[in-house]
Amino acid sequence: KEPIAYLGGVGMLIGLTVGILASIGRLQSEESSGLALTWLLGILGGGAIACFIGLADDLFDIKPRQKILGQVFAAVVLLLAGVAPSLYHITNQLNLSLPYNVETLLEVMIVIFFVLGATNSLNLLDGLDGLCARKFVITK
Numbered sequence: 207k208e209p210i211a212y213l214g215g216v217g218m219l220i221g222l223t224v225g226i227l228a229s230i231g232r233l234q235s236e237e238s239s240g241l242a243l244t245w246l247l248g249i250l251g252g253g254a255i256a257c258f259i260g261l262a263d264d265l266f267d268i269k270p271r272q273k274i275l276g277q278v279f280a281a282v283v284l285l286l287a288g289v290a291p292s293l294y295h296i297t298n299q300l301n302l303s304l305p306y307n308v309e310t311l312l313e314v315m316i317v318i319f320f321v322l323g324a325t326n327s328l329n330l331l332d333g334l335d336g337l338c339a340r341k342f343v344i345t346k
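Residue numbers (the numbering used here): 207 to 346.
A hint or two may mislead.
To be verified - Here are the simulated lysine to any residue pairs, SDA-like style, with alpha carbons at most 25 Å apart:
| no. | residue 1 | residue 2 |
| --- | --- | --- |
| 1 | K273 | L219 |
| 2 | K273 | V216 |
| 3 | K273 | L300 |
| 4 | K269 | L331 |
| 5 | K273 | A262 |
| 6 | K273 | S229 |
| 7 | K269 | G288 |
| 8 | K269 | L322 |
Stated by the list, open to error - Computed beta-carbon distance windows for the label pairs:
| no. | residue 1 | residue 2 | range |
| --- | --- | --- | --- |
| 9 | I230 | L304 | 18 to 28 Å |
| 10 | F266 | S327 | 33 to 43 Å |
| 11 | L213 | N301 | 47 to 57 Å |
Please keep in mind that the hints were generated in silico from the structure rather than gathered at the bench.
Note that beta-carbon positions come from the ideal geometry of N, C-alpha and C, so glycine has one too.
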């Protein structure tokens, strides 16, 4: 059996951090940098939480409930930073009139579903002898 690399997520987090730091330097000169900076820091924070949950799962084999709670926490960090889809344009095109709290609840559910789906699908691919890394290289 081949050895398993546990730090792939850390490498991805380092790459994400370098990209965000480069973007922050560029955003300093733009007028609308406040929202973009908040989004970038939220993405970095959520990514860091997801990375450490994945690393803890690899090293300590944490329970599924703990892993899902950590992933939901990463999604909450994104939501607190304002990283969420706006359903206004969709509901407007469909002539739907949803109450604000229902629209907000749907946006929150979409972000949580996306984070849980993305992290768990990568986790499943990663368990197949490095398939995740190959898919990552192919898509880049």
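Status of each hint after checking the structure:
no.	hint	verdict
1	K273 x L219	18 Å, holds
2	K273 x V216	17 Å, holds
3	K273 x L300	37 Å, violated
4	K269 x L331	19 Å, holds
5	K273 x A262	9 Å, holds
6	K273 x S229	30 Å, violated
7	K269 x G288	29 Å, violated
8	K269 x L322	15 Å, holds
9	I230 x L304: 18 to 28 Å	35 Å, violated
10	F266 x S327: 33 to 43 Å	22 Å, violated
11	L213 x N301: 47 to 57 Å	50 Å, holds
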